[in-house]
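2 protein chains.
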Amino acid sequence: MAVLAIDVQGGDFGPSRLFPAVITFFSHNPQHQGHVFGHSADCATFLQNLPSNLRFQGTDQRLPADTGPAHLIRHQYHSSLEKAFQCHQHGQADALVSADHTGLLMALMHRHAVTHPAIERPVLVSWVPTVKRPLVMLDLGASFSATAEQLLGFAAIGQAIVASKSSLKPRLALLNLGVEANKGPQALRLAAAQLSTWPGIDYCGFVEANEVFSGALDVVVTDGFTGNAVIKAAEGTLDLTLNAIREELSVDWLGRLFGLFLGGRLKPRLSSLDPRRHNGALLAGTELTVIKSHGHADSQAFQAALSKAIEAIECQWSACIRRQLDQSL
Amino acid sequence: MAVLAIDVQGGDFGPSRLFPAVITFFSHNPQHQGHVFGHSADCATFLQNLPSNLRFQGTDQRLPADTGPAHLIRHQYHSSLEKAFQCHQHGQADALVSADHTGLLMALMHRHAVTHPAIERPVLVSWVPTVKRPLVMLDLGASFSATAEQLLGFAAIGQAIVASKSSLKPRLALLNLGVEANKGPQALRLAAAQLSTWPGIDYCGFVEANEVFSGALDVVVTDGFTGNAVIKAAEGTLDLTLNAIREELSVDWLGRLFGLFLGGRLKPRLSSLDPRRHNGALLAGTELTVIKSHGHADSQAFQAALSKAIEAIECQWSACIRRQLDQSL
Numbered sequence: 267m268a269v270l271a272i273d274v275q276g277g278d279f280g281p282s283r284l285f286p287a288v289i290t291f292f293s294h295n296p297q298h299q300g301h302v303f304g305h306s307a308d309c310a311t312f313l314q315n316l317p318s319n320l321r322f323q324g325t326d327q328r329l330p331a332d333t334g335p336a337h338l339i340r341h342q343y344h345s346s347l348e349k350a351f352q353c354h355q356h357g358q359a360d361a362l363v364s365a366d367h368t369g370l371l372m373a374l375m376h377r378h379a380v381t382h383p384a385i386e387r388p389v390l391v392s393w394v395p396t397v398k399r400p401l402v403m404l405d406l407g408a409s410f411s412a413t414a415e416q417l418l419g420f421a422a423i424g425q426a427i428v429a430s431k432s433s434l435k436p437r438l439a440l441l442n443l444g445v446e447a448n449k450g451p452q453a454l455r456l457a458a459a460q461l462s463t464w465p466g467i468d469y470c471g472f473v474e475a476n477e478v479f480s481g482a483l484d485v486v487v488t489d490g491f492t493g494n495a496v497i498k499a500a501e502g503t504l505d506l507t508l509n510a511i512r513e514e515l516s517v518d519w520l521g522r523l524f525g526l527f528l529g530g531r532l533k534p535r536l537s538s539l540d541p542r543r544h545n546g547a548l549l550a551g552t553e554l555t556v557i558k559s560h561g562h563a564d565s566q567a568f569q570a571a572l573s574k575a576i577e578a579i580e581c582q583w584s585a586c587i588r589r590q591l592d593q594s595l
Numbered sequence: 267m268a269v270l271a272i273d274v275q276g277g278d279f280g281p282s283r284l285f286p287a288v289i290t291f292f293s294h295n296p297q298h299q300g301h302v303f304g305h306s307a308d309c310a311t312f313l314q315n316l317p318s319n320l321r322f323q324g325t326d327q328r329l330p331a332d333t334g335p336a337h338l339i340r341h342q343y344h345s346s347l348e349k350a351f352q353c354h355q356h357g358q359a360d361a362l363v364s365a366d367h368t369g370l371l372m373a374l375m376h377r378h379a380v381t382h383p384a385i386e387r388p389v390l391v392s393w394v395p396t397v398k399r400p401l402v403m404l405d406l407g408a409s410f411s412a413t414a415e416q417l418l419g420f421a422a423i424g425q426a427i428v429a430s431k432s433s434l435k436p437r438l439a440l441l442n443l444g445v446e447a448n449k450g451p452q453a454l455r456l457a458a459a460q461l462s463t464w465p466g467i468d469y470c471g472f473v474e475a476n477e478v479f480s481g482a483l484d485v486v487v488t489d490g491f492t493g494n495a496v497i498k499a500a501e502g503t504l505d506l507t508l509n510a511i512r513e514e515l516s517v518d519w520l521g522r523l524f525g526l527f528l529g530g531r532l533k534p535r536l537s538s539l540d541p542r543r544h545n546g547a548l549l550a551g552t553e554l555t556v557i558k559s560h561g562h563a564d565s566q567a568f569q570a571a572l573s574k575a576i577e578a579i580e581c582q583w584s585a586c587i588r589r590q591l592d593q594s595l
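In order, the protein sequences belong to chains A and B.
First residue of the first sequence? That's 267 in our numbering, and the numbers climb one at a time after it.
First residue of the second sequence? That's 267 in our numbering, and the numbers climb one at a time after it.
If you are wondering where the hints come from, they were derived from the structure by calculation, not from laboratory data.
Heads up, some of the hints might be wrong.
Claimed, not checked - Derived lysine to aspartate or glutamate pairs resembling DMTMM-like cross-links, with alpha carbons at most 20 Å apart:
| hint | chain 1 | residue 1 | chain 2 | residue 2 |
| --- | --- | --- | --- | --- |
| 1 | B | Lys-533 | A | Asp-505 |
| 2 | A | Lys-449 | B | Glu-386 |
| 3 | A | Lys-398 | A | Asp-540 |
| 4 | B | Lys-398 | A | Glu-415 |
| 5 | B | Lys-449 | A | Asp-332 |
Stated by the list, open to error - Computed from the model, here is a short list of chain A residues facing chain B with C-beta under 10 Å:
| hint | residue |
| --- | --- |
| 6 | Pro-286 |
| 7 | Ile-289 |
| 8 | Asp-326 |
| 9 | Leu-329 |
| 10 | Ala-429 |
| 11 | Ser-430 |
| 12 | Ile-497 |
Said to hold, decoys possible - Short derived list, chain A residues pointing at chain B, Cβ under 8 Å:
| hint | residue |
| --- | --- |
| 13 | Val-269 |
| 14 | Trp-393 |
| 15 | Val-397 |
| 16 | Glu-474 |
| 17 | Gly-490 |
| 18 | Ala-495 |
| 19 | Thr-507 |
| 20 | Arg-522 |
| 21 | Leu-526 |
| 22 | Ser-537 |
| 23 | Arg-543 |
Note that CB positions come from ideal geometry on N, CA and C, so glycine has one too.
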């Protein structure tokens, strides 16, 4: 049995979309419990249908519309997000799920948790679709660059996550602009020298971003700026490809006929390749377990984020990561 | 009439693949002329069929197999690449085309040309497929990061290229990890402040990498590390998508039937979305006009690189770029 603290105020749609998703998820998963945090007025309509494993805790305060991370670090509001963090920090929940901005989640992690000294700040871990199963990629957060030490911290986090579910050594690579050992910035080359001596991983050297999707790796380590560029480029390319297929199949009746057939057959497969579908990123590196959902998640996607939180609890990622980070120092 | 200097020794296949491509191209384009540079022994078999607008200049020296850029800057060989550079530098050709490594081309540009002071070293400009026509993206070279001044230099180069072919103001954006003005590293924010005052462009602010493919932009500016990651991620995603379609259509006879239909219909369209198909990147920022082909280019792709060189000459990119860089200082 796991207990989640869920803030339903975040994201592009707030409670109107997220609260029903939470109700559906916990109706189907009666073995787990949830504390739902939201604005009392916004959530009133959903309270009649609460399953017995959900509790709602309302608040009348909202975060001001333009709240930035720097402001939120200095000013405490009785927002639903803040209350969800307090609930998790005090041990009343095993993990927290929110669709709010990474920056705001980072700010509240700063207030409610201690970042492991091996990394400067929490890291955003994401699961990226590949030819085989999704791989772990980090950092996808707001870091612009990463020192060799930080890259090693990212590697330790990725290693801990993969090792928690498999007895095989995680196949881990560093993202670079070439595969040769003498390529790239010094931080990468220093990190590579260290990683090649780590006994717990199968270090695969430098890879370029196309290798991320090949299915030959379990963990890809990079800085947040590059990681974000890779994921967004994948999303853009997938959209471009699907649009081209759609256009090509709409020019005549034969194409439309094939399109009808393909829609049912290819759509599920192709949408499984979309990074946006693999919702639920882990903000790792503190004693808390925080799962970030996309802001525009639909019901299915938000439920995927809730499942990811359950997985994080059951695999004890937070503890495994901290143990691995201790060793990496 | 344009004159090209072409080194056929570079790339994964050398003269066996590149020389026939050159012969085909110049047979179809009798208005242009080419000086072909290659190793005499490797090229002997191709010399009987030379069209009258091609001249071959052989050499008996090769670059040592493991020559790196740093070595090549200090040591001069009578290689075919070196001779092609000399030919272009001395004005006997209007542009140079090679499938050799970016690093080696950079080293020889260093020897044979002067980089404009607005950028620290030559920049690799590439054309990326989008929903509409390909956009100009730079740097895709070996720079690991870029200062605000360098980003402005990149912007000036992109502006010059697009403006040489269109009277509309180029729509130009900076690649970042968010679209908000306060996002990202300082170099990007400083460059953004400058670009918003440039009269010759339609500055579109920050974009994330998915926007590169949307067709709403003419130029995207980024550092070489991120640019490489974006292109390679696009290639990887395209491969992933096509493999998924192929697999999904091979499970039964109905799928294979549709696959036959789709092969003829979709393949040309989808392969036009592949960045690898848009062969021919411009090494910009000196008085030379150097076009770099992919190392694994096939005949069609190498001919695309030759066409790009003709376009560069006819649009006078080198002069336009230097004028624009002068203004950006």
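Checked hints:
no., hint, result
1, B:Lys-533 <-> A:Asp-505, "17 Å, holds"
2, A:Lys-449 <-> B:Glu-386, "19 Å, holds"
3, A:Lys-398 <-> A:Asp-540, "13 Å, holds"
4, B:Lys-398 <-> A:Glu-415, "42 Å, violated"
5, B:Lys-449 <-> A:Asp-332, "14 Å, holds"
6, Pro-286, "28 Å, violated"
7, Ile-289, "32 Å, violated"
8, Asp-326, "28 Å, violated"
9, Leu-329, "16 Å, violated"
10, Ala-429, "25 Å, violated"
11, Ser-430, "26 Å, violated"
12, Ile-497, "8 Å, holds"
13, Val-269, "33 Å, violated"
14, Trp-393, "15 Å, violated"
15, Val-397, "6 Å, holds"
16, Glu-474, "4 Å, holds"
17, Gly-490, "7 Å, holds"
18, Ala-495, "4 Å, holds"
19, Thr-507, "5 Å, holds"
20, Arg-522, "12 Å, violated"
21, Leu-526, "11 Å, violated"
22, Ser-537, "10 Å, violated"
23, Arg-543, "13 Å, violated"
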